[in-house]
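These are the residues of each chain, in order.
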Amino acid sequence: NAGVTQTPKFRVLKTGQSMTLLCAQDMNHEYMYWYRQDPGMGLRLIHYSVGEGTTAKGEVPDGYNVSRLKKQNFLLGLESAAPSQTSVYFCASSPPVYEQYFGPGTRLTVT
Amino acid sequence: SQQGEEDPQALSIQEGENATMNCSYKTSINNLQWYRQNSGRGLVHLILIRSNEREKHSGRLRVTLDTSKKSSSLLITASRAADTASYFCARTTGGGNKLTFGTGTQLKVEL
Numbered sequence: 001n002a003g004v005t006q007t008p009k010f011r012v013l014k015t016g017q018s019m020t021l022l023c024a025q026d027m028n029h030e031y032m033y034w035y036r037q038d039p040g041m042g043l044r045l046i047h048y049s050v051g052e053g054t055t056a057k058g059e060v061p062d063g064y065n066v067s068r069l070k071k072q073n074f075l076l077g078l079e080s081a082a083p084s085q086t087s088v089y090f091c092a093s094s095p096p097v098y099e100q101y102f103g104p105g106t107r108l109t110v111t
Numbered sequence: 001s002q003q004g005e006e007d008p009q010a011l012s013i014q015e016g017e018n019a020t021m022n023c024s025y026k027t028s029i030n031n032l033q034w035y036r037q038n039s040g041r042g043l044v045h046l047i048l049i050r051s052n053e054r055e056k057h058s059g060r061l062r063v064t065l066d067t068s069k070k071s072s073s074l075l076i077t078a079s080r081a082a083d084t085a086s087y088f089c090a091r092t093t094g095g096g097n098k099l100t101f102g103t104g105t106q107l108k109v110e111l
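Chains as they are written, first to last, in the numbering used here: chain D, 1 to 111; chain R, 1 to 111.
To be clear, the hints were calculated from the coordinates, so they are not data collected in a lab. For each residue, glycine too, the CB sits at the ideal point set by N, CA and C.
These stretches of chain D come out as covered by chain R in the derived footprint (C-beta under 8 Å, 3 or more residues): (1) 41-54; (2) 97-105.
Sample of chain R residues lacking proximity to chain D, with all beta carbon distances greater than 10 Å (derived): (3) 22; (4) 55; (5) 67; (6) 68; (7) 84; (8) 85.
Here are the computed lysine to aspartate or glutamate pairs in the DMTMM-like style, where the Cα-Cα straight-line distance is at most 25 Å: (9) R:98 with D:62; (10) R:108 with D:38; (11) R:98 with D:26; (12) R:70 with D:59; (13) R:26 with D:59; (14) R:26 with D:38; (15) R:98 with D:30; (16) D:57 with R:5; (17) R:98 with D:38; (18) R:98 with D:52; (19) R:98 with D:59.
One chain only, chain R, in its complex shape:
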């Protein structure tokens, strides 16, 4: 079963606006990762944040992690139409580098 929830399930914004997606989970983690999936395609890794980190940046992406609240957020600044995709958080727990995915947020960026 899925070990977490993401919200919102869907998000529609205008180009140039910021998009924020949230992820919650139930068990302790080794790290948390965010992936992007364009329609009908495989997943692409965006950013990884370790359990002892609180914030991480990569280009227009900013990820925060609050292990006390068991939650993470992904912020995409100055969104573009090309950012339209589904975004998933995924946690690694235990050995084997196994990922447990959330249900995803569908982001639509309109011109």
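If we strip away everything but chain D, and leave its shape as in the complex, we get:
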């Protein structure tokens, strides 16, 4: 039982490049989330999904897109990376209520 996994663990992009972060969970959770964490701050919600085929915007959605084609996967896309998107990205999953389970994070640097 791997829990929540994220791919890749590290990535360096140049401004304007695109990439996709993959999140996978094996707990059959309905809900999935993408957060970003910047130095000295808590996590901020980018997008979330309450079920397969559904997505919704969080607190800081601009510059990101997401897709939830399969229940176990939640993808976060950056179409044109900017230095302001340098951050650590965390995926999480949960049942409809109660605690969230977090992945190990992806450290992204945009130069």
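Given the structure of chain D, go ahead and fit chain R onto it with the hints provided.
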């Protein structure tokens, strides 16, 4: 934007002492959760307290919630060096089980 504050921002204590962290928020909540983050790692859920509860215990952890003051506290008793980490409170409000995080308290427990 963050919907709450945590204090202190940093706390350094000796092993065996108790550590108290406080969290304040501005809007009504469904529940409040505390998470722990070891350096460079994902978040781990510690405890959840519902809006109609006032106190909850889990091992060496004690959480209180005062909805009239919109505040919560996390007490770690008999701290250990392994408790060194950042601690975040997070509130759920509205639907989607979305979490809004505070800025965190960095706890250092010295031998």
